[in-house]
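Engineer: Kindly generate the complete structure, drawing on both the sequences and the hints.
Under this note's numbering, the residues of the sequence shown are numbered 213 to 375, in order.
I should point out that these hints are in silico values taken from the structure, not numbers from a laboratory. Owing to the predicted nature of the structure, the values given are computational and were not obtained by experimental measurement. Honestly, I wouldn't trust all of these hints.
Claimed, not checked - Cβ-Cβ distance ranges computed for the label pairs, FRET-style: (1) Glu285 - Gln310: 25 to 31 Å; (2) Asp295 - Gly257: 32 to 38 Å; (3) Gly296 - Gln267: 16 to 22 Å; (4) Gly296 - Arg328: 20 to 26 Å; (5) Val314 - Val336: 18 to 24 Å; (6) Leu356 - Ser263: 25 to 31 Å; (7) Gln267 - Glu330: 16 to 22 Å; (8) Pro276 - Val336: 16 to 22 Å; (9) Ser273 - Ser319: 28 to 34 Å; (10) Glu285 - Glu330: 31 to 37 Å; (11) Gly274 - Ile346: 30 to 36 Å.
To be verified - The calculated lysine to any residue pairs, modelled on SDA-like cross-linking and capped at a C-alpha distance of 20 Å, are: (12) Lys294 - Asp304; (13) Lys325 - Tyr308; (14) Lys294 - Gln332; (15) Lys325 - Arg303; (16) Lys294 - Gln275; (17) Lys325 - Leu297; (18) Lys294 - Gln264; (19) Lys325 - Leu280; (20) Lys325 - Asp268.
All C-beta atoms, glycine included, are put in the ideal place defined by N, C-alpha and C.
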Amino acid sequence: MRPFQLDLLFLCFFLFSQELGLQKRGCCLVLGYMAKDKFRRMNEGQVYSFSQQPQDQVVVSGQPVTLLCAIPEYDGFVLWIKDGLALGVGRDLSSYPQYLVVGNHLSGEHHLKILRAELQDDAVYECQAIQAAIRSRPARLTVLGSRKRPHLSKSHCHHLSVS
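Structural biologist: This is the structure we're talking about:
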């Protein structure tokens with residue numbers, strides 16, 4: 213099987229795993245294992261490591277935040293994992309429009325940008341390089357409730373007198 217065919221097969225299985233009744237995480241692990249052999253043959257002896265890993269962060273709800281992930285010279289698939297579940301393959305996070313994978317892919321940058329952090333984004337994240345079989349340290353993103361000032365308005369009070 214040619215390298216691009218295996219990549220396409222991996223992507224199709226991932227995208228259609230739910231329709232096939234498979235869990236995405238299990239699908240990724242199996243296909244990642246298959247793809248790892250192909251990747252090792254193409255890059256015999258190459259050892260990859262993170263130059264940047266996500267760090268624990270605190271963000272106010274509604275603000276943007278970026279979790280860093282950089283693996284120099286790595287050109288395989290990268291997965292962002294949120295609380296143990298894959299968000300998408302590579303730069304395709306179309307199921308989560310509030311998330312983007314940003315950075316220079318050719319330089320090995322696969323940073324996760326959350327456009328407007330919400331309370332449901334409060335989770336543990338990690339970056340995984342599938343073919344290199346490495347994963348970043350887990351990073352806790354804590355999202356604080358918005359800091360809106362309370363708004364007081366005049367209200368009409370009615371006084372009742374009882375005789």
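Engineer: If a hint holds in the structure, say so; if it doesn't, say that too.
Structural biologist: Each hint tested on the structure:
1. Remark: the range hint 25 to 31 Å for Glu285 to Gln310 is upheld by a beta-carbon distance near 30 Å.
2. Distance hint check: the CB atoms of Asp295 and Gly257 are about 35 Å apart, consistent with the given range 32 to 38 Å.
3. For Gly296 and Gln267, the Cβ-Cβ distance of about 19 Å falls inside the hinted range of 16 to 22 Å, so the restraint holds.
4. Under the hint 20 to 26 Å, the C-beta atoms of Gly296 and Arg328, about 23 Å apart, fit the expected range.
5. At about 20 Å, the beta-carbon gap between Val314 and Val336 stays in the expected band of 18 to 24 Å.
6. For the hinted restraint 25 to 31 Å between Leu356 and Ser263, the CB-CB distance of approximately 29 Å keeps it satisfied.
7. At about 20 Å, the CB distance of Gln267 to Glu330 agrees with the hint of 16 to 22 Å.
8. Range check, Pro276 to Val336: about 19 Å between beta-carbon atoms, so the 16 to 22 Å window is met.
9. For Ser273 paired with Ser319, a C-beta distance near 31 Å keeps the hint of 28 to 34 Å intact.
10. One distance hint, 31 to 37 Å for the beta-carbon pair Glu285 and Glu330, holds here, with the actual separation near 35 Å.
11. At roughly 33 Å, the beta carbons of Gly274 and Ile346 sit within the given window of 30 to 36 Å.
12. Taken as a hint, the Lys294 and Asp304 pair is honoured in the structure, with Cα atoms around 15 Å apart against an allowance of 20 Å.
13. Using a Cα cut-off of 20 Å, the hinted pair Lys325 and Tyr308 holds, with the two alpha carbons roughly 11 Å apart.
14. Among the hinted pairs, Lys294 with Gln332 is consistent with the structure: their alpha-carbon atoms are about 11 Å apart, no more than 20 Å.
15. With a C-alpha separation of about 11 Å, the suggested pairing of Lys325 with Arg303 holds against the 20 Å cut-off.
16. A C-alpha spacing of about 18 Å is found between Lys294 and Gln275, which places the hinted pair at or below 20 Å, so the restraint holds.
17. Only pairs whose Cα atoms come within 20 Å are accepted, and Lys325 paired with Leu297 is accepted, the gap being roughly 17 Å.
18. Annotation: proposed proximity of Lys294 to Gln264 holds, straight-line Cα distance about 18 Å (limit 20 Å).
19. For the proposed pair Lys325 and Leu280, the alpha carbon gap of about 9 Å is at most 20 Å, so the pair holds.
20. In summary, the hint linking Lys325 to Asp268 is supported, as the alpha carbons are separated by about 14 Å, within the 20 Å threshold.
Every hint, counting from the list given before, is met by this structure.
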